[in-house]
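**Student:** What follows is the residue order along each chain.
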Amino acid sequence: MNQVPDQNGRFGDFGGRFVPETLMNALLELEEAYYKYTQDPEFIAELNYLLKQYSGRETPLYYAERLSSHLGGAKVYLKREDLNHTGAHKINNTIAQALLAKRMGKKKVIAETGAGQHGVATATVAALLGLECKVFMGEEDTKRQQLNVFRMKLLGSEVIPVTSGSRTLKDAGNEALRYWVSNVQDTFYILGSVVGPHPYPMMVRDFQRIIGDEARAQILEAEGRLPDAVVAAIGGGSNAMGIFYPFVQDEGVRLVGCEAAGKGVDTAFHAATMTKGTKGVFQGSMSYLLQDEYGQVIEAHSISAGLDYPGVGPEHSYLKDTGRAEYVPITDMEALEALQLLCRTEGIIPALESAHAIAQVVKLAPTMDQDQIIVVSLSGRGDKDVESIMKYLGGDAHVSESN
Amino acid sequence: MSANRIDQTFQKLKAAGETALIPFLTVGDPDITTSIEIIKEIEAAGAHIVELGVPYSDPLADGPVIQRASSRALVHKITILDCIQVAKEAREQGVQLPFILFTYYNPILQLGVERFFQLLADNDISGMIIPDLPVEEDAHVRELAVKANIHLIPLVAPTSQDRIERIVRNAGGFIYCVSSLGVTGVRSSFHEGIEQFINQVKQATSLPVAVGFGISTNEQFRMFSKLCDGVVVGSAIVRKIEEELSNLQSPTTRQAALLQIQDFVRQLKA
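Note that the protein sequences, when read in sequence, are chains A and B. Using the numbering used here, you'd call the opening residue of the first sequence number 11 and step up by one each time. Using the numbering used here, you'd call the opening residue of the second sequence number -7 and step up by one each time.
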């Protein structure tokens, strides 16, 4: 495979920079700063220090023995990103981007957030590094995730409820971009996924690849060989890209992305961009997109606010079209089932996002031999979701067909 | 190949020593028929070119006023084809103004870029503005635009700096200078150094130079008339249409509302 992205930020047909001219110089400056500082030993040392001492890396690669034996097939290893500070992989990227902001002399940062995980991770590093922070969050999501709104405020950030469009993650992204256009000279936009205009998809991938770099070394140490499959949930796709990327050259390793099928891919309520989407330009890049025949973006649906997004990172679209990765839909119900299974077999409450990856493991592991290995990205912990899970399960913590 | 109406308009204005008034409306707000009527009023008010805004679900270069207009139009599922149809019907009903289609890139992409240009040519649309298609991404569109003699009008921002030369080099029609950092919408102050910025653009190109984003009053129009060849007024007109919405939708007050809009446009350049 060729080195991607190319100098125009293209992953094959995908990616690029489809933004208002006002932002172009800022993107070019960001790209230049990214290349400069990620070669700078001081920057690298500071980043590694914070990832280790502040966020608690490296995260364990945990052999889920009871889950594996329950499923009766492949050995399942969990990459425990949920054990990061703030409870998800998001902080890998926010620490790095905030350090970059500081190096570039920007004292103000902004972010978009859906479930609030990226918002909290950004608010956290803004507090840590003394940056002024505004987080854009769809009004609908501020209601669904009140605790995260309060967390961000407690950390000293301003939360701006977005009332345009569907009032969810995509609109928060639009509003963050609009704010950035108006304040581009003193503000750094900490984008939370491998989406948006170049260089963000590349940069966020590179800041998240630590998940896959660690997992690859850890599985080699534990098993003396590479896994047969790597599985991760995908909304925009940052944890999936982070864990996939170091395995892309390992052709024997299947890469499986799990997108949100909501109430089903044949209903109007899903976020299955890879299964049902077509090529289009959205929020700065060319990728697969949920849209109508005239190019209007369709609202997504998922039980998980973090996957409730009609777009997907351009490099994922590239991996799909080249056949290197496969993408499967997981319904709300399948995710809820898998979530409960992991709770009961391993004592781990996963985030609803990560539960989509577990649900695919539930399907995949029994079809594999006992000497085969699956590594799954447990991208975040479920504490933030407990209240909504309680509502979905009607207060009954043992609703399960497989019970 | 026939002459482009935009070029002809600027030639005439130059000879007369006048500045182009370029109003914008969101097509389909509140409905197709009313948009055609508003275009006629805009012409009657003495405007020189009209920008037809294609409503879009995610208009990230637009402020709240045009976002709301887009949402209203999208309730009726107005498509890019409807917008082109509006240009066609307005022309059939006698409108002589050059038309510029203002659209985000994705609707063009879904229509198919070749088909899009064929439709522009067939329906006497003279130019396009694509706010999310910077020069790095516009090679294919520009090639077809040049071939069809339909102008791809570029936006230049106060942050463009050393990009200005590259942007204007292959431009057609006129250069659209963005008055301020930010999205579309009425504002009372503009980017400091706006004069210097406009002069920098003028030195880089022989094409007419227009300014837009945030211009809403006669006073502002006159100020910018001294600096450049054209002034775009968008959100202020869309807001005026919004104020007249209920009057436009009632048969007894519709005519008066249309005249109100005409009067508002006329006052801009009075």
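The set of hints was computed from the structure by calculation and includes no laboratory data. Mixed in with the good hints there might be a few duds.
Here are the simulated DSBU-like cross-link-like pairs (lysine-lysine), alpha carbons at most 30 angstroms apart as the crow flies [claimed, not checked]:
| id | chain 1 | residue 1 | chain 2 | residue 2 |
| --- | --- | --- | --- | --- |
| 1 | B | Lys80 | A | Lys153 |
| 2 | B | Lys139 | B | Lys80 |
| 3 | B | Lys69 | A | Lys273 |
| 4 | B | Lys261 | A | Lys289 |
**Student:** Taking the hints in turn, state whether each one holds.
**Tutor:** Status of the hints after comparison with the structure:
no.	hint	verdict
1	B:Lys80 with A:Lys153	violated (46 angstroms)
2	B:Lys139 with B:Lys80	holds (21 angstroms)
3	B:Lys69 with A:Lys273	holds (25 angstroms)
4	B:Lys261 with A:Lys289	violated (43 angstroms)
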